[in-house]
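K.L.:
These are the residues of each chain, in order.
Number of protein chains: 4
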Amino acid sequence: MLRVGLLGAGRIGQVHAVNIAGHDRSALVAVADVNTEASGKLAAQFGAEVRTSEEILADSGIDAVLVATSTDTHSDLIEAATAAGKAVLCEKPVDLSLARAKACKVKADASSVPVMIGFNRRFDPNFATLRAALAAGEIGRAELLSVTSFDPSPPPLSYIRVSGGLFRDMMIHDFDMAGFIMGDAPVRVHAAGSSIVDPAIGAAGDVDTAVVTLTYGDGRLAVIRNSRRAVYGYDQRLELLGSGGLLSAANMLENTVSKATAQGVVSAKPLFFFLERYMPAYAAEWSAFVAAVLDGGEVPVTLDDGIRALALAEAATQSARTGRPVVPEI
Amino acid sequence: MLRVGLLGAGRIGQVHAVNIAGHDRSALVAVADVNTEASGKLAAQFGAEVRTSEEILADSGIDAVLVATSTDTHSDLIEAATAAGKAVLCEKPVDLSLARAKACKVKADASSVPVMIGFNRRFDPNFATLRAALAAGEIGRAELLSVTSFDPSPPPLSYIRVSGGLFRDMMIHDFDMAGFIMGDAPVRVHAAGSSIVDPAIGAAGDVDTAVVTLTYGDGRLAVIRNSRRAVYGYDQRLELLGSGGLLSAANMLENTVSKATAQGVVSAKPLFFFLERYMPAYAAEWSAFVAAVLDGGEVPVTLDDGIRALALAEAATQSARTGRPVVPEI
Amino acid sequence: MLRVGLLGAGRIGQVHAVNIAGHDRSALVAVADVNTEASGKLAAQFGAEVRTSEEILADSGIDAVLVATSTDTHSDLIEAATAAGKAVLCEKPVDLSLARAKACKVKADASSVPVMIGFNRRFDPNFATLRAALAAGEIGRAELLSVTSFDPSPPPLSYIRVSGGLFRDMMIHDFDMAGFIMGDAPVRVHAAGSSIVDPAIGAAGDVDTAVVTLTYGDGRLAVIRNSRRAVYGYDQRLELLGSGGLLSAANMLENTVSKATAQGVVSAKPLFFFLERYMPAYAAEWSAFVAAVLDGGEVPVTLDDGIRALALAEAATQSARTGRPVVPEI
Amino acid sequence: MLRVGLLGAGRIGQVHAVNIAGHDRSALVAVADVNTEASGKLAAQFGAEVRTSEEILADSGIDAVLVATSTDTHSDLIEAATAAGKAVLCEKPVDLSLARAKACKVKADASSVPVMIGFNRRFDPNFATLRAALAAGEIGRAELLSVTSFDPSPPPLSYIRVSGGLFRDMMIHDFDMAGFIMGDAPVRVHAAGSSIVDPAIGAAGDVDTAVVTLTYGDGRLAVIRNSRRAVYGYDQRLELLGSGGLLSAANMLENTVSKATAQGVVSAKPLFFFLERYMPAYAAEWSAFVAAVLDGGEVPVTLDDGIRALALAEAATQSARTGRPVVPEI
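Residue numbers (our numbering), protein chains in the order written: chain A, 14 to 343; chain B, 14 to 343; chain C, 14 to 343; chain D, 14 to 343.
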């Protein structure tokens with residue numbers, strides 16, 4: 014049984030709490046949040062205690078922490094937790110600064126505890142099935158990957174300003190997905206971005222629509238499309254062209270009902286946003302972490318994965334500014 | 014080269030004219046219609062002559078006739094044409110009277126010329142593919158067939174009154190389709206019908222919505238659903254459950270465009286009606302007839318097929334009236 | 014908070030236990046099963062007590078029972094539980110005997126406690142969405158309903174023999190679904206059945222493939238297709254043709270991945286069986302029961318609904334034997 | 014009635030011959046080809062005469078020519094035909110050289126006859142429907158266009174060597190499609206290419222897989238994906254994300270049959286190649302040309318369109334070589 018402290022009781026912390034408490038090999042022992050009302054409510058619901066992060070890290074009865082706090086605290090908490098000998102599952106990204114993330118890894122490596130980064134989409138049953146089909150040789154060799162990732166609507170400008178920008182905040186998931194599928198890092202990154210959804214996002218120094226092309230050393234290509242606004246919902250798809258065929262992972266829809274009338278045939282929209290779409294992925298992610306920690310295997314998403322995705326995000330940010338392809342620092 | 018006289022220059026005659034003239038092994042020589050304006054126009058378009066039916070049947074230079082006249086003339090024209098030694102492709106049905114159709118077959122059999130009945134749906138590429146997959150053993154043994162056949166809107170009451178009723182006029186296609194797929198005739202027919210679309214159709218002694226169940230001697234089942242009104246277009250589908258799987262033939266759509274908005278995802282309707290949906294089937298039907306006549310093979314749809322479908326239509330008509338299953342006269 | 018005793022710790026009891034314990038307005042207090050190993054394990058998992066049914070019914074601290082025992086005990090337990098003042102959610106069917114089910118209702122009505130029958134499919138999000146669209150007038154008036162319900166494989170013959178037959182055991186769900194959608198009982202039932210999947214099922218006096226036609230007093234029609242074997246999985250679909258269009262609820266698939274190769278395009282199968290397909294439905298069913306009991310509304314599926322479905326099953330059983338339509342006793 | 018001379022009796026010339034002869038407002042008068050066996054056969058089939066190009070251009074009884082000869086003759090024939098006062102429908106591309114194409118336009122403009130370039134995909138019913146939906150405001154303002162265009166298999170190396178390269182030979186269709194949908198030319202072109210399908214294509218100085226990003230002056234983006242090999246068939250799709258939704262045009266499939274077995278659900282592949290997929294588009298293209306010439310309207314695809322697509326192809330060719338974005342010469 015893995016005894017777990019949850020750091021962060023916000024929206025995503027609540028999702029993790031359900032999975033921690035509901036898993037038959039883990040127990041939610043304590044919850045910490047600067048917002049004590051949030052931590053109190055969540056702790057009560059699952060019979061856990063309210064504590065501070067420091068108290069959780071100091072408790073020798075706690076085996077692991079789940080870091081679901083704000084991004085700017087991730088590196089510090091990973092360092093503190095590994096120093097305290099706790100296994101860590103930390104929400105993405107490791108940090109908005111590539112240098113800071115690399116420094117964090119140096120410190121974390123000094124301990125022998127597992128650190129996993131929460132790129133939840135790897136655990137989506139559809140994407141995982143696609144990757145398994147590739148691994149099984151079902152379409153031969155990969156040649157051209159396409160990742161589509163559109164949010165239903167942009168976050169507030171206040172969030173945009175501290176987000177690190179679309180490439181570090183949103184597309185970082187897709188950079189990790191590219192690594193997950195292609196099993197390698199690209200040698201060149203080209204980004205084209207625009208603030209066509211909302212000029213205010215451009216005025217804040219960010220883009221809201223972007224196309225990134227990744228070129229791999231062996232000639233494979235990948236293209237990532239991001240938009241902050243798809244009014245029909247959360248559009249999350251993969252396509253992988255290989256020497257022997259094409260694998261596609263389509264959206265999950267709200268339901269399977271269609272209505273045919275004189276005006277056409279209407280069917281359901283994609284599941285609205287990440288909490289709806291990736292609920293099964295979060296549960297599978299937690300299971301994978303528990304299994305890795307308790308059974309001694311390697312965690313399926315490492316700090317290096319987090320750093321690689323961040324390096325691509327930095328390269329894309331730079332490319333979008335200069336208009337020139339960038340060789341990522343990996 | 015097959016030299017062809019077309020009897021009937023109405024809507025369906027025009028479709029056949031294109032196929033006759035466009036086929037590289039057949040030539041449209043003459044067109045007959047009591048409406049001489051219609052026959053004149055059609056003949057001019059394809060460089061054919063306007064003649065009477067009698068003239069066409071008497072012309073030793075004509076090898077075959079396509080009968081696309083009104084239903085009440087079919088039996089007489091089949092008899093006259095076969096007596097004159099012309100190969101015949103006759104639109105369905107052979108006749109509205111089963112007895113008359115059987116008598117027609119006796120006379121036609123006295124000649125040695127091929128007679129084919131125009132059950133065009135057998136030549137639809139989708140249905141033909143489904144049947145070929147069954148024949149290839151792809152789903153094992155057939156167990157339960159479902160035929161869906163909905164028209165976009167009811168014909169005028171004036172037509173309903175002389176149509177012979179839904180079972181003889183509309184479902185006769187589906188009875189033939191059942192025979193085409195199942196390769197056998199059922200031993201029992203049960204029909205439930207209703208005039209829920211338009212009570213005036215009921216007042217005219219007909220139904221507009223019907224479910225017919227066919228039971229085969231070896232335990233296989235088939236169900237046919239008909240409606241005179243599907244406001245979204247012509248709904249023409251097959252489903253065949255077998256011991257090893259399910260084969261489905263879906264509708265053909267107006268286009269492949271879909272539109273996702275906040276209101277849902279809208280895609281195209283089925284092709285509107287039989288002229289849109291079955292255009293490729295009519296061309297394939299004509300090719301099959303030409304090949305059978307010129308190359309000496311058997312026609313793929315025989316007078317017996319036409320009689321069998323009519324016998325099922327009669328049984329269904331009777332069953333819908335009495336509420337009891339009927340053993341068809343086959 | 015609803016304090017609940019669970020009667021029956023088998024496969025379906027385990028599903029209910031998760032929902033009872035996981036709901037924020039209900040608590041799993043006790044579990045009873047003649048198999049005490051099963052009840053012990055389930056009780057331990059959720060911190061409940063192991064008791065006998067009698068002890069549970071005698072405990073004034075328990076508000077409601079969920080009856081998930083074998084079918085032959087349902088009526089007795091409904092009577093005992095209502096006599097003890099416990100609200101009841103009982104798995105379908107009420108009983109295999111229509112007379113017994115009616116007698117049960119008389120006794121249950123003598124108490125004032127809510128009794129709900131577990132027709133879980135009403136709570137499937139797809140079917141519920143279809144019904145809501147009909148209720149909202151989106152396709153005008155209903156005319157022709159089609160219910161498809163195929164199991165992945167037949168149960169053992171030992172089960173078939175005590176099941177009450179396909180119509181009472183399997184199609185009873187579809188009879189209830191027809192009532193759920195059409196909001197009325199049919200005036201005539203015609204069934205055609207066959208044991209084409211496995212002759213041994215026929216030898217045991219049952220059918221494994223069936224088509225049932227329901228005729229409603231106002232001319233609406235419904236057709237239900239059942240097969241005990243669809244090798245590709247659990248096939249659960251609805252189609253409703255109305256005066257203004259067609260509503261369809263398609264299967265839920267294992268995933269959204271497709272693979273296009275030179276051999277065709279392969280996509281995922283339907284979710285395997287009821288535990289996979291209807292998991293969300295069971296949770297929604299429990300929520301509806303909790304809300305009805307705690308908030309005082311009417312339960313959404315009544316004993317009368319259970320009796321009506323059983324009456325249709327009896328009529329269909331008789332029709333399949335005699336070949337003649339039957340007027341159901343409702 | 015438009016009297017037409019066909020220049021070129023190869024594969025695509027044969028497609029045009031059917032449409033010219035089958036159109037009720039045009040007649041195929043003469044066919045020219047250096048391969049006189051090919052022109053002879055085609056002329057015989059449609060009752061036309063065999064002539065040389067020179068004879069056709071000199072015949073005052075001929076109103077229009079369709080240029081379906083090899084690419085290197087296009088510019089010369091456009092110039093000669095317009096000088097002779099013949100309306101021209103010329104297959105794409107105008108020329109492999111941008112400078113030559115521009116010079117051709119100068120000469121052609123000196124006449125007053127219509128010149129249309131055969132970008133057949135604009136007339137595909139699916140793509141035309143998508144564009145009409147955008148024009149009707151159904152998804153608000155366009156933001157991000159994605160064009161997918163994969164061939165089933167690479168052409169022979171001998172063809173690759175004289176083709177002008179993937180961007181001028183294959184992607185030129187997609188550059189025109191981008192212009193058709195976006196109604197404007199981009200200000201920047203970035204191309205990433207690879208010869209991952211066949212290194213011999215790379216050795217011949219070309220790529221076989223490419224991703225091109227187009228940036229428009231107002232912030233809109235487009236991405237084009239090309240591959241010379243999709244083993245499942247001709248993959249031709251569009252996706253357009255707009256402020257109010259997403260329009261998608263999917264592939265047309267060989268048939269609508271699907272087969273569900275224990276191994277999954279198999280459906281049909283896309284129509285194999287351009288002759289299968291774009292047959293309706295060629296007919297619609299011809300109709301549009303005939304209408305423009307006879308009724309005096311503007312041709313829907315101009316020489317300028319051909320030049321713009323070629324300019325983008327040149328920019329992409331250069332970008333793929335240097336790795337840097339290129340400002341196209343438009």
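Be aware that a few hints might be false.
Since copy identity is lost for identical chains, a pair holds within one copy or between any two.
[Said to hold, decoys possible] Cross-link-like lysine to any residue pairs, in silico, SDA-like; alpha carbons within 20 Å at most:
| no. | residue 1 | residue 2 |
| --- | --- | --- |
| 1 | K54 | M14 |
| 2 | K105 | Y172 |
| 3 | K118 | T335 |
| 4 | K120 | R24 |
| 5 | K54 | V175 |
Read the hints as simulated data drawn from the structure, not as lab findings.
K.L.:
Could you run down the list of hints and mark each one as holding or not?
P.N.:
Here is what the structure says about each hint:
In this homomeric assembly, K54 and M14 come within 20 Å of each other (Cα to Cα) only across copies, at 17 Å, whereas the closest approach inside a single copy is 24 Å. Proximity of K105 and Y172 under a CA criterion of 20 Å is satisfied intra-copy only: 16 Å inside one chain copy versus 49 Å between copies. In this assembly of identical chains, the alpha carbons of K118 and T335 never lie at most 20 Å apart, being 29 Å within a copy and 36 Å across copies at closest. With identical chains, the CA atoms of K120 and R24 are never at most 20 Å apart, being 29 Å at best within one copy and 48 Å at best between copies.
With identical chains, the CA atoms of K54 and V175 are never at most 20 Å apart, being 28 Å at best within one copy and 50 Å at best between copies.
Figure legend: structure checked against the earlier numbered hints; hints not met, in rising order: 3, 4, 5.
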